[in-house]
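Please take these sequences and the hints and turn them into a complete structure.
Our numbering puts the first residue of the sequence shown at 27, with every later residue one more than the last.
Keep in mind the hints are simulated off the structure, nothing from the lab. Fair warning: there could be bad hints in the mix.
[Claimed, not checked] SDA-like cross-link-like pairs, simulated, lysine to any residue; straight-line CA separation at most 25 Å:
1. Lys272 - Glu194
2. Lys289 - Cys344
3. Lys342 - Lys192
4. Lys192 - Arg166
5. Lys192 - Cys298
6. Lys299 - Thr284
[Unchecked claim] Label pairs and their in silico Cβ distance ranges:
7. Arg162 - Asp304: 47 to 55 Å
8. Met330 - Arg68: 49 to 57 Å
9. Thr221 - Arg52: 26 to 34 Å
10. Ser69 - Lys289: 24 to 32 Å
11. Trp62 - Glu283: 15 to 23 Å
12. Val291 - Ser111: 39 to 47 Å
13. Val249 - Leu53: 29 to 37 Å
14. Ile76 - Leu268: 19 to 27 Å
15. Glu320 - Glu36: 24 to 32 Å
16. Glu246 - Phe327: 20 to 28 Å
Don't be surprised by glycine CBs; every beta carbon is placed ideally from N, CA and C.
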Amino acid sequence: MEALSAMKDEKRAELGLILRACARQRLRVCRAYGLWYNSDDRSVYLVLEINNGSILEKWGELRNGIVGAEEDGLLNSAIEDGVSSCFAMMGMEICEAVIGLNSEGLIIGCLGLSCFSFDDFGRFYVDLSEVLVTGRKVQRCVAEGVHGGERLVGPEMQLIHSNILKLEAFVSPELLFELLHNEGSLPDCGSLKYTVGYSSDVWSLACILIRLLIGEPFIEEMVSYIHNLLIRKSEENGFDYLGLYKGWMEKVSSLLETKLGTKFVSLQHILCKCLNSDPESRPLVTDVWKCIRELIIKPQFDVMVSFEGALKEENKCCCLVLGKLCQLLKETDKGSETPENR
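Following this line, the structure appears as structure tokens:
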């Protein structure tokens, strides 16, 4: 209790939100077993459930089927129904996990495949341990690529984003700009007037789903897009941001159409909308969930589901990656660590 009392209010409040989410969203957020105090290093540890496996491991052989069982890349009719149903079940579970986390006022903004796990019944949930670890790794990538708050140039920007993508972490543009701004490297990043919110998780969620559908080609397009975006943003204002975005979206849309054909037009459409450069124009996670659900059951027969009380951007929320628990200790603080700054 003494260690908790010594914590800063913001860090203690954030810890409380996490524990509450674990307790209230037991099926959608990993379990928290409690707090453990190590008297040797005077640190308080959050003990969370260990994950059971990764999404890619479960996707496995089916991924090869969904990206094209025939030479033309379209879904083979013999496996189409099974693969689409499998993707639909996984996609819905992932959406529900994000909805559960968001409903507790928590957002991430840089979801990765490792941020989700599943229980013995195949239910997916958010692995908060991986979320916090991934958040710190992303912050470290940014911090190591920044030199004393100096304005970054192209090669440095490329290195930062390349290292982030190696983590398979899909960072929403507004969160990446915020992280760079916090390091003093993008003093004018607010010119885009986009803030981190619930829609930031929509971007990351769509990236995960597209990654499952397309595979590595999506990563390659992501590298190219963000690299060009960061270089031009760091060089000068007034560049053709919308033109760059539209060109990238055309490539992503083409990849989806090539791999999936024309049968899943509604799914392709909503996933592309999730990647909108304007967070306010992105659909809700519940909209993505409904669209994926239609792969299994048509709307006219789906009478059991009703979503109410959709989350609004004005609702107060806490971004874990920007929060205190993901902050890296500064070199000058390492020699004077206390329970207050751990």
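Right, here's what the structure says about each hint:
A C-alpha spacing of about 23 Å is found between Lys272 and Glu194, which places the hinted pair at or below 25 Å, so the restraint holds. Among the hinted pairs, Lys289 with Cys344 is inconsistent with the structure: their alpha-carbon atoms are about 38 Å apart, more than 25 Å. For the hint pairing Lys342 with Lys192, the CA-to-CA distance comes to about 31 Å; that exceeds 25 Å, so the pair is violated. In summary, the hint linking Lys192 to Arg166 is supported, as the alpha carbons are separated by about 13 Å, within the 25 Å threshold.
Taking the CA atoms of Lys192 and Cys298, the gap is about 23 Å. The hint holds against a cut of 25 Å. Straight-line distance between C-alpha atoms of Lys299 and Thr284 comes to about 18 Å, which keeps the hinted pair within the 25 Å bound. Checking the proposed 47 to 55 Å range against Arg162 and Asp304 shows it is violated: the Cβ atoms sit about 29 Å from each other. Taken as a hint, the range 49 to 57 Å holds for the pair Met330 and Arg68, whose Cβ atoms sit roughly 51 Å apart.
The hinted window of 26 to 34 Å between Thr221 and Arg52 holds, with their beta carbons roughly 31 Å apart. A beta carbon spacing of about 53 Å between Ser69 and Lys289 contradicts the range 24 to 32 Å that was offered as a hint. Our hint of 15 to 23 Å for Trp62 and Glu283 is violated, since their Cβ atoms are close to 51 Å apart. Our hint of 39 to 47 Å for Val291 and Ser111 is violated, since their Cβ atoms are close to 18 Å apart.
Roughly 35 Å separates the CB atoms of Val249 and Leu53, a value that falls within the hinted 29 to 37 Å. Between Ile76 and Leu268 the C-beta distance comes to about 44 Å, which lies outside the given range of 19 to 27 Å. At roughly 42 Å, the beta-carbon separation of Glu320 and Glu36 lies outside the given 24 to 32 Å, and the hint is violated. The given range of 20 to 28 Å is broken by Glu246 and Phe327, whose C-beta atoms sit roughly 39 Å from each other.
Hint compliance for this structure: hints 2, 3, 7, 10, 11, 12, 14, 15, 16 are broken, all remaining hints hold.
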